[in-house]
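Colleague: Based on the provided sequences and hints, a complete structural model is requested.
Chains as they are written, first to last, in the UniProt record's numbering: chain Z, 1 to 499; chain X, 1 to 333.
Watch out, some of these pointers could steer you wrong.
As the list claims (entries may be wrong) - Facing chain X, according to a computed beta carbon distance under 8 Å, are these residues of chain Z, among others: (1) L141; (2) G143; (3) P144; (4) V182; (5) I184; (6) P186; (7) A188; (8) A190; (9) D202; (10) G267; (11) L320; (12) P344; (13) A424; (14) L428; (15) E454; (16) Q457.
As the list claims (entries may be wrong) - Have a look at the derived ranges for each label pair, beta carbon to beta carbon: (17) D298/X x W17/Z: 30 to 40 Å; (18) G339/Z x P161/X: 44 to 54 Å; (19) R199/Z x R123/X: 16 to 26 Å; (20) E137/Z x K294/X: 24 to 34 Å; (21) G254/X x S351/Z: 41 to 51 Å; (22) K37/X x W17/Z: 31 to 41 Å; (23) K294/X x W17/Z: 28 to 38 Å; (24) A12/Z x E291/X: 24 to 34 Å; (25) R123/X x L7/Z: 52 to 62 Å; (26) K151/X x I468/Z: 31 to 41 Å; (27) I468/Z x K162/X: 17 to 27 Å; (28) E137/Z x D298/X: 19 to 29 Å; (29) A392/Z x D298/X: 47 to 57 Å.
Derived from the structure by calculation, the hints contain no laboratory data. Positions of the beta carbon are idealized from the N, C-alpha and C atoms, including for glycine.
As a plain string of letters, each chain reads:
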Amino acid sequence: MDTLNELLNGFAAALTWQNLIFAFLGCLLGTVIGVLPGIGPVAGVALLIPLTLNMDPTGSIIMLCAIFYGTAYGGTITSVLLNTPGEAASAITTIDGHAMTKMGKAGAALTIAAIGSFVGGTIATLGLVAAAKPLGELGLLVGPPEFFALMVVGISLLVALAGKSMVKALISGALGLLISMVGIDPVAGAPRFTFGMDRLLDGVSFVAVIVGVFGLSEILSYRKGESTVVHAPGFRSLLPTRNEWRRSAPSMARGTGIGFGLGLIPGMTGSVASLLSYGAEKKFSKHRNELGKGAVEGVAGPETANNAHANAALIPLFTLGIPASPTIAVLMGAFLQQGLTPGPTLFTEHSEIAWAIIASLFIGNLLLVLLNVPLVGLWTSILRVPAPILTALILLFMVIGAYTINFSVFDVFVMIGFGLLGLALRHLEIPLAPMVLTLVLGPLMERSLRESLEISQGDFSIFLNRPISAVLIALGLLIICSPLLKLRKPKALTDDPET
Amino acid sequence: MSRKKVTAALAAAALLALTGCGANAGATSAAGEDFPKKGKTIDLVVAFSSGGAVDTAARLVQPVLEKELGTNVEVINKPGAGGQIGYTQLTSAKPDGYTIGATGSPSVVVSPLDPARGAKYTRSSFQPLGRQVIDPAVIAVQPDSPYKTLKELLDAAKAKPKSMTASATGLQTGEHFALAQIQETTGAEFAPVHFSEGASQATTAFLGKHVDILVANVSDVTDLTKQNKARVLGIMTAERSPSLPDVPTFKESGYDVEAGTARGYSAPAGLPDAVAKKLEAALQKAIEDPEVVKKMNDLGLQTSYLSGKDYETFWAGQESDFKKVLPMVQKKD
Chain Z
1 MDTLNELLNG FAAALTWQNL IFAFLGCLLG TVIGVLPGIG PVAGVALLIP
51 LTLNMDPTGS IIMLCAIFYG TAYGGTITSV LLNTPGEAAS AITTIDGHAM
101 TKMGKAGAAL TIAAIGSFVG GTIATLGLVA AAKPLGELGL LVGPPEFFAL
151 MVVGISLLVA LAGKSMVKAL ISGALGLLIS MVGIDPVAGA PRFTFGMDRL
201 LDGVSFVAVI VGVFGLSEIL SYRKGESTVV HAPGFRSLLP TRNEWRRSAP
251 SMARGTGIGF GLGLIPGMTG SVASLLSYGA EKKFSKHRNE LGKGAVEGVA
301 GPETANNAHA NAALIPLFTL GIPASPTIAV LMGAFLQQGL TPGPTLFTEH
351 SEIAWAIIAS LFIGNLLLVL LNVPLVGLWT SILRVPAPIL TALILLFMVI
401 GAYTINFSVF DVFVMIGFGL LGLALRHLEI PLAPMVLTLV LGPLMERSLR
451 ESLEISQGDF SIFLNRPISA VLIALGLLII CSPLLKLRKP KALTDDPET
Chain X
1 MSRKKVTAAL AAAALLALTG CGANAGATSA AGEDFPKKGK TIDLVVAFSS
51 GGAVDTAARL VQPVLEKELG TNVEVINKPG AGGQIGYTQL TSAKPDGYTI
101 GATGSPSVVV SPLDPARGAK YTRSSFQPLG RQVIDPAVIA VQPDSPYKTL
151 KELLDAAKAK PKSMTASATG LQTGEHFALA QIQETTGAEF APVHFSEGAS
201 QATTAFLGKH VDILVANVSD VTDLTKQNKA RVLGIMTAER SPSLPDVPTF
251 KESGYDVEAG TARGYSAPAG LPDAVAKKLE AALQKAIEDP EVVKKMNDLG
301 LQTSYLSGKD YETFWAGQES DFKKVLPMVQ KKD
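Modeller: Structure (structure tokens):
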């Protein structure tokens with residue numbers, strides 16, 4: 001009961017009109033920043049921290065959390081409408097989100113993304129309220145071997161993303177791993193595949209690769225005469241149909257689970273959550289065959305997972321003082337600047353502020369929906385621009401987006417290069433999603449493998465001796481073998497009447 | 001809204017965005033008298049992941065710097081390869097004052113010494129602007145560990161070399177040097193596990209009991225000790241730290257080991273004098289700001305300011321020290 005009381009006090013503190021205005025402003029500013037290409041939540045929050053420095057601690061943290069949600073959602077808007085992810089975590093949303101736009105269902109996609117974010121964020125925050133401490137400790141059980149095993153499960157979802165040919169999926173996956181190797185070796189510091197170019201020491205920028213591979217290559221692949229990029233939606237199609245709602249619900253549930261679980265693990269990022277959620281939809285959704293062609297599940301799952309991850313990642317911050325993801329680390333910086341040290345002492349020393357912030361997480365999630373669902377109409381009106389002009393605008397957007405990642409023209413060339421690569425892959429009918437999956441998971445997998453083997457001093461049995469990692473590895477193997485063993489649902493169940 | 005109006009509005013927005021970029025890429029004046037231009041962001045490159053001690057210090061200094069310089073200062077994290085990625089980015093930036101970076105030893109001192117690392121910079125690629133802190137290394141065990149004193153721990157490690165894992169943050173990082181110095185002086189050998197993303201990741205693994213020994217800096221363990229989540233057995237410095245008054249030094253326990261990290265801020269070499277002066281003055285203000293010093297203290301970090309020139313001398317001294325033990329921390333396999 002204590003917790004409930006304190007939470008209610010927190011709501012009382014967060015619901016003052018000043019704090020509500022801060023939350024609202026934060027959501028609005030965040031959304032606008034998110035829509036700007038290249039600037040994701042990390043840069044967005046970091047840019048706006050100075051604005052909040054002279055405010056009182058509660059108000060400023062509330063505003064920053066709101067900015068954080070806003071930017072994450074703003075990134076989705078460009079993914080869906082313009083096929084240009086505003087940030088890494090919404091990259092995978094471009095696949096089905098933009099396909100929905102082309103079918104004239106942009107409004108539905110954006111609404112579902114907003115609702116999914118709300119659901120994921122709210123449930124994760126409930127988890128924070130109900131069981132922060134045990135959940136935080138749970139995250140610590142995941143050491144390097146378990147992390148590696150989890151990555152094996154992630155990579156195994158490549159099977160689900162394969163489409164027609166497994167060989168082609170593996171080619172795509174290997175390509176992603178290869179690209180992820182470019183840059184300085186994280187342990188020994190030796191340059192790999194940099195061909196003596198300083199620019200490549202950092203590796204290639206993920207957002208530039210994604211924009212090129214998904215966005216640019218698609219525009220390049222339009223054939224002459226195929227001038228219509230997208231259909232402008234009619235008013236009615238702004239809202240999802242009842243069928244779309246029904247189909248989204250299980251995806252949101254899966255997305256919440258995946259995002260929440262991964263959020264507890266220090267070192268995971270929002271893009272891993274959204275990618276694995278997409279993989280899970282491909283593998284387990286009833287309508288998995290439609291994924292990639294504008295299925296609402298491909299938006300609902302990743303967007304929910306992304307936001308559930310963002311909110312769950314606050315649990316290690318509040319309970320252990322560990323910033324579990326880059327954005328959280330920026331928030332942690334803001335806490336420190338306000339004289340608040342995140343960690344268990346926050347609740348003993350500044351209990352009122354801590355609970356007000358938690359209350360504001362609920363409010364921020366809600367405000368985001370209230371702000372953005374009515375704005376969906378405004379955003380989608382961008383599609384009324386005639387197709388040739390819109391295509392040019394999208395191209396412009398992509399170039400600016402790639403440029404603003406590091407303010408470097410090099411990234412623009414990376415984007416164009418990967419656009420051409422994407423075009424070639426499309427012609428060869430090699431699926432693009434496996435490449436993105438391995439590109440994101442590769443570095444995390446390498447890191448955890450090396451750490452594990454240093455712990456065991458070279459003994460591979462460490463992955464099988466530890467129960468959590470053994471179970472995860474078995475699960476990964478099961479997923480890989482499932483097409484062979486026909487472990488999928490019996491045919492009668494697959495033939496859903498709705499499809 | 002009519003179709004034309006929307007198109008016009010979009011075109012205007014695109015134009016606006018483009019001009020914005022143009023301003024950002026604009027040329028700087030050679031003398032740097034007008035540094036910093038209002039509205040032009042100064043990047044503060046942190047070569048370690050966010051949340052670690054280097055990052056936190058930079059984020060505390062950043063608002064005061066903004067006030068002093070009158071423009072935006074953005075902390076940018078470029079973690080990996082024990083700082084080498086971030087330092088490469090820093091030293092390859094244009095020396096116009098709009099890119100500065102946090103520089104920490106031993107990483108910044110050591111990485112160019114080993115040709116195998118292929119570092120593209122040397123000490124002379126940096127222009128030191130000021131030192132902020134020195135942060136001694138410590139060794140800690142799990143709270144339920146059977147080892148109550150440093151001697152017990154080191155004797156056990158001597159009896160069974162490499163039987164215990166100890167955290168480090170990459171080859172030739174401060175923790176790795178500390179481990180090598182312990183081995184050199186006392187004969188106790190631990191098996192290093194490198195957490196390349198930095199101290200917060202190493203601490204997380206220690207909290208989850210995935211490594212036995214935490215080798216870190218005072219600042220990393222101050223909070224953990226308060227929460228009784230780590231038992232610090234020794235501090236590698238001449239005097240006890242005010243943040244951990246109960247922890248004996250290695251010297252007190254009979255081992256002559258001193259190791260630790262020093263952190264400050266530098267720019268790429270070749271800064272115009274006027275720019276360097278402005279940055280140095282602003283940094284001194286920020287580092288010695290009473291609020292910042294207090295918050296650093298709360299985090300277990302002792303502020304120890306040195307001017308750019310003195311920081312450079314200190315840096316050179318460290319370089320010659322590290323050269324001596326370097327062979328021990330180079331990759332053998």
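Colleague: With reference to the structure, classify each hint as holding or not holding.
Modeller: Quick rundown of the hints versus the structure:
1. L141: With a minimum Cβ separation of about 6 Å from chain X (threshold 8 Å), the hint on L141/Z holds.
2. G143: Cβ of G143/Z sits 3 Å from chain X, so the hint holds.
3. P144: Holds, because the Cβ-Cβ distance from P144/Z to chain X comes to roughly 6 Å (cut-off 8 Å).
4. V182: violated, 12 Å
5. I184: Interface hint status for I184/Z: holds (4 Å vs cutoff 8 Å).
6. P186: Where the cut-off is 8 Å and the nearest Cβ of chain X is about 4 Å from P186/Z, the hint holds.
7. A188: Status holds, d = 5 Å.
8. A190: holds, 6 Å
9. D202: The hint holds - D202/Z has a Cβ within 8 Å of chain X, the shortest such distance being about 6 Å.
10. G267: holds, 6 Å
11. L320: Hint on L320/Z: holds, closest Cβ of chain X at ~7 Å, below 8 Å.
12. P344: Holds, because the Cβ-Cβ distance from P344/Z to chain X comes to roughly 6 Å (cut-off 8 Å).
13. A424: violated, 29 Å
14. L428: With a closest approach of 33 Å, the L428/Z hint is violated.
15. E454: Constraint on E454/Z satisfied, holds at 4 Å.
16. Q457: holds, 6 Å
17. D298/X x W17/Z: 30 to 40 Å: holds, 33 Å
18. G339/Z x P161/X: 44 to 54 Å: holds, 45 Å
19. R199/Z x R123/X: 16 to 26 Å: Given about 23 Å between the Cβ atoms, the range holds.
20. E137/Z x K294/X: 24 to 34 Å: holds, 31 Å
21. G254/X x S351/Z: 41 to 51 Å: For G254/X and S351/Z the Cβ distance comes to about 45 Å; the hint holds.
22. K37/X x W17/Z: 31 to 41 Å: Holds, since K37/X and W17/Z (Cβ atoms, about 38 Å apart) stay within the stated range.
23. K294/X x W17/Z: 28 to 38 Å: Holds - the Cβ-Cβ distance for K294/X and W17/Z, about 33 Å, lies within 28 to 38 Å.
24. A12/Z x E291/X: 24 to 34 Å: holds, 30 Å
25. R123/X x L7/Z: 52 to 62 Å: holds, 54 Å
26. K151/X x I468/Z: 31 to 41 Å: holds, 36 Å
27. I468/Z x K162/X: 17 to 27 Å: About 25 Å separates the Cβ atoms of I468/Z and K162/X, which means 17 to 27 Å holds.
28. E137/Z x D298/X: 19 to 29 Å: holds, 25 Å
29. A392/Z x D298/X: 47 to 57 Å: With a Cβ separation near 53 Å, A392/Z and D298/X satisfy 47 to 57 Å, so the hint holds.
In this structure, the hints that do not hold are numbers 4, 13, 14, in rising order.
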